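Protein chains: 2
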Amino acid sequence: MGKKVDELLDAIQQKNVRLTAQLITLAEDGSSNILPTMRELYRHVGNAMIIGLTGPTGVGKSCLVDRLISAYRRAGKSVAVIAVDPSSAQTGGAILGDRIRMQEHAGDPEVFIRSMASRHHMGGLAAATGDALTILDAAGWDVVLVETVGIGQTEIEVAKAVHTCVLVLAPNTGDDMQRMKCGIMEVADIFVVNKTDMGGADLVINDLQRTVRPAGSEENQRSVVACSALRAEGIEELVAAIGEHHQYLCEHDLLRQVLQRRITNQILSIAQSRIGTMLAPVLGSSSTLEQYVKQVLKGDTDPVSAGEEIAQRLLVRRW
Amino acid sequence: MGKKVDELLDAIQQKNVRLTAQLITLAEDGSSNILPTMRELYRHVGNAMIIGLTGPTGVGKSCLVDRLISAYRRAGKSVAVIAVDPSSAQTGGAILGDRIRMQEHAGDPEVFIRSMASRHHMGGLAAATGDALTILDAAGWDVVLVETVGIGQTEIEVAKAVHTCVLVLAPNTGDDMQRMKCGIMEVADIFVVNKTDMGGADLVINDLQRTVRPAGSEENQRSVVACSALRAEGIEELVAAIGEHHQYLCEHDLLRQVLQRRITNQILSIAQSRIGTMLAPVLGSSSTLEQYVKQVLKGDTDPVSAGEEIAQRLLVRRW
Chain A
1 MGKKVDELLD AIQQKNVRLT AQLITLAEDG SSNILPTMRE LYRHVGNAMI IGLTGPTGVG
61 KSCLVDRLIS AYRRAGKSVA VIAVDPSSAQ TGGAILGDRI RMQEHAGDPE VFIRSMASRH
121 HMGGLAAATG DALTILDAAG WDVVLVETVG IGQTEIEVAK AVHTCVLVLA PNTGDDMQRM
181 KCGIMEVADI FVVNKTDMGG ADLVINDLQR TVRPAGSEEN QRSVVACSAL RAEGIEELVA
241 AIGEHHQYLC EHDLLRQVLQ RRITNQILSI AQSRIGTMLA PVLGSSSTLE QYVKQVLKGD
301 TDPVSAGEEI AQRLLVRRW
Chain B
1 MGKKVDELLD AIQQKNVRLT AQLITLAEDG SSNILPTMRE LYRHVGNAMI IGLTGPTGVG
61 KSCLVDRLIS AYRRAGKSVA VIAVDPSSAQ TGGAILGDRI RMQEHAGDPE VFIRSMASRH
121 HMGGLAAATG DALTILDAAG WDVVLVETVG IGQTEIEVAK AVHTCVLVLA PNTGDDMQRM
181 KCGIMEVADI FVVNKTDMGG ADLVINDLQR TVRPAGSEEN QRSVVACSAL RAEGIEELVA
241 AIGEHHQYLC EHDLLRQVLQ RRITNQILSI AQSRIGTMLA PVLGSSSTLE QYVKQVLKGD
301 TDPVSAGEEI AQRLLVRRW
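The listed protein sequences derive, respectively, from chains A and B.
If you number the first sequence the way our numbering does, the last residue is 319 and the count never jumps.
If you number the second sequence the way our numbering does, the last residue is 319 and the count never jumps.
These aren't lab readings, by the way, just hints derived from the structure by calculation.
Treat the numbers as computed from the prediction; the structure is a model and nothing was measured.
Check each hint, because a few of them may be wrong.
Since the list gives no way to pick out one identical chain from another, each pair is judged satisfied if it fits inside one copy or across any two copies.
Below, computed lysine-lysine pairings styled on DSBU-like, alpha-carbon distance capped at 30 Å [to be verified]:
#1 3 / 77
#2 298 / 4
#3 77 / 15
#4 15 / 298
#5 15 / 4
#6 160 / 15
#7 294 / 160
#8 3 / 160
#9 15 / 294
Could you build the full structure based on these sequences and the hints that come with them?
This is the structure in C-alpha cells:
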C-alpha cells in the first residue's frame, strides 16, 4: 500500500473507501504486511455500534439490511455493511449478486458495503471478519452491520464478535428453528420475525416469546420484534430494540467485554490453525508419530487414543 | 453392544451387517466404548482393495458405483460402499436418496452400502471414514468403494486414505477442472471421463491425457479411462485400470504405505481437533491469553502475531 501507518489511518478515517477496501482485502489474504497497521488500529477501536444479522436463507435478511441502512442514514449515522458467506468461501464464489439490491446506497459516501468469503485468512472466516470489524471501527464508521448467511459454526463465531446479534426468522422457518435451538438461538439478543405480511407470523412470534422469556425468568435483555422489511413496517421498532440493547451494554460496561471476547477468539482460532499446520512437520521431524502408527498396527493403541495422547502431551505441562 | 471384542470381530467377519453398521455408527459418534474393539481390528486389516470415487456433482458417480458393484460381484468379490457427503454433514441431512438407485443390490448379502455424514467424530468426517475403512477391511470385505461428493478439502483427505483414487469427470465439467487443478487432480490415480454418450467427451479425454502424462514424463501410473455408466460401456476397462494400479501398489510394497498414511492422518486430525478444544480452557486457566488481549488493545501486538506466538511456544520446544 506504500503509505505510512499514520497516513493510512488518516486516509481511512477520512472515509477513503478504496483504501479501506484494500486494507480489508489484505487482511482477508492473511498478508503479514498489514500487521503493524492492525496493531495501530486496535488503539482506535471502540466507537462503532456493531450489529450482526443472521438467520436461514430466504428470510429476507438482505432486504432488512437495506432498510436498516436507510434508517441509520436518516439518523445521520454512517453505515458499513459486511456480508459473510461461508458457503461462498468453500466454492470460491461471491454473493455480490445479492448485494445489488443495496445499490440505491451505492452513491452514498457514508455507506460502505463489502462481501467476505476468505479462504486465506489463517484463523478462518470469523477471524477475517474480526479484522474487518477492527478496520471499520477504527476508521470511524458509526454503525457496522454484519450479515451472515446460514446458521452454521462460522455464523455463531461471527455472532459472538458483535455487540448485538439479531436473528432473523420468517413464518415459514419453524422447521429450521428446532435445529437452531442449541446454536445461534442461544447467542441471539434480538429475534426478528420478518415477513409479517405472510400468514402464520403470530404463531412464530408466540413461540419465540416463550423461548426468549421463559415464565419466571427475571432480567432478560432479549426481545422479539415483528416486521415486514418488504413493506418497511416494524423497522423503527427494530432500530429501537437494537438501541436499547446497546444502551444496556454501555450502562453495564459490557461493550469492552465484547471487544475482548472478539480478540480472544481471534487469537485462539489463529493459534489453533497455526498449531494444525505446524503439527505434522514438528511431529514428523521426531519419530513420535511413526511410533504411534506402529503401535496402532500392532493393536497396542488406536488413532483416537494416540491423537488424544499427543494433544495431552503438548498442552498439559506447557502452560 | 454388549459383546466381547473377539465375538464381535467374529460376527462382523461372518458379514453380520447389522453389527457392522452399528459399529460404524459408534465410530461416527466418537464413542470411546469402541476403542478397544478398534485396537483389535487394526490387527486384521490389509486385505481389502480400497477404491475411492470422487468428482463434482452431476458426473454420474452413483451410477458408476452401481456398475462397479455389479462388475466386482460378477468376479465373485464382496463389495462394501461408503458414501461420504461433507455438505450433508453441515446441513445434518443425508444423501440416502441417491443411494436408492443401488437398491438392486439391497438383497445381496455380499453387498453393504452405507452413508457417512458425521458431525460428531473428533477428527472430522475424513477420520470417521478412516474408522469405517478399518472396520470393513477387518470384517473381510474384498472391495471397499468410497464415494465422495464434491471436490473440497474433506474429499482430498478421503482420497489420501484409499489405495486407488478414481476422479470422475464428464464432458461438461471442463470449467470445474481448472478449479480442481491444484487439489484432487494431484491425488487422483485414474481419471474417468463418464457420459461418453454425450458430445465433447474426446476434448476432455485429450485434455486429460496431456495433464496426466506430460510429454517427456517417465514411469507414470496414472491413466485415463472413457466410459458411459448409463450404457454400461467402458466398465471392464475401468475395472482393469483399477486392477493394474492395485497390482503396481502390491509389487512395490506400497499398500502398507497407504495404510500408514491413513493412520498418520487420522492421528494428526484427532490431535489437532483435541488441541483445538483444549486450547481455550488450558490458556484460560493461566493469565497468558488475557495478557495477549491487553497487549493487542494497547497496540503492542495483534491477534495474528499473538496466535502465532502461542502456537510457537506450544510446539517448538515440546518435541
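Hints, verified against the model:
1. Only within a single protomer do residue 3 and residue 77 lie at most 30 Å apart by alpha-carbon distance; the minimum there is 28 Å, versus 68 Å between protomers.
2. Taking the shortest Cα distances, residue 298 and residue 4 sit within 30 Å of each other only across copies (19 Å), while inside one copy they are farther apart (60 Å).
3. For a Cα distance limit of 30 Å, the shortest separation of residue 77 from residue 15 inside one copy, 13 Å, qualifies, whereas the shortest one across copies, 69 Å, does not.
4. Taking CA atoms no more than 30 Å apart as the test, residue 15 paired with residue 298 passes between copies only; the shortest distance there is 24 Å, against 64 Å inside one copy.
5. In this assembly of identical chains, the alpha carbons of residue 15 and residue 4 lie at most 30 Å apart only when taken from the same copy (17 Å versus 70 Å across copies).
6. Proximity of residue 160 and residue 15 under a CA criterion of 30 Å is satisfied intra-copy only: 27 Å inside one chain copy versus 48 Å between copies.
7. Taking the closest pair of Cα atoms, residue 294 and residue 160 come within 30 Å of each other only across two copies (19 Å); inside a single copy the shortest separation is 42 Å, beyond that limit.
8. Taking identical chains as interchangeable, the C-alpha atoms of residue 3 and residue 160 are never at most 30 Å apart, the minima being 33 Å within one chain and 45 Å between chains.
9. Taking the closest pair of Cα atoms, residue 15 and residue 294 come within 30 Å of each other only across two copies (28 Å); inside a single copy the shortest separation is 60 Å, beyond that limit.
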